[in-house]
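So for the sequence shown, UniProt numbering puts the first residue at 1; every next one is plus one.
Derived by calculation from the structure, the hints in this document are not laboratory data. All the pointers check out, no bait thrown in.
Simulated DEER-style distance windows between Cβ atoms:
| hint | residue 1 | residue 2 | range |
| --- | --- | --- | --- |
| 1 | Arg-42 | Met-17 | 31 to 41 Å |
| 2 | Ile-9 | Ala-43 | 46 to 56 Å |
| 3 | His-10 | Val-49 | 52 to 62 Å |
Taking lysine to any residue pairs in the SDA-like style, the calculated list, with each CA pair at most 25 Å apart, reads:
| hint | residue 1 | residue 2 |
| --- | --- | --- |
| 4 | Lys-4 | Ile-19 |
| 5 | Lys-14 | Ser-25 |
| 6 | Lys-4 | Lys-14 |
| 7 | Lys-14 | His-28 |
| 8 | Lys-4 | Phe-16 |
| 9 | Lys-14 | Gln-24 |
| 10 | Lys-4 | Met-17 |
| 11 | Lys-14 | Cys-26 |
| 12 | Lys-14 | Leu-29 |
| 13 | Lys-14 | Arg-3 |
Built from N, CA and C at the ideal position, the CB exists for glycine as well.
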Amino acid sequence: MQRKLFCSIHMWFKPFMLISALLQSCIHLLFCIVGSSSIRDRAEETSMVRI
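Produce the complete structure using the sequences and hints provided.
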């Protein structure tokens, strides 16, 4: 009985883990894009200051 319950929980948990992993990768990608753009902006600002 306990093993059956565990299996059902695992079956429910598997897609949830997959979705969370997808979300994490999407968020990571977003942070990378935002970070690179902000770094580029900072570089432009520093170059302007030099001029």
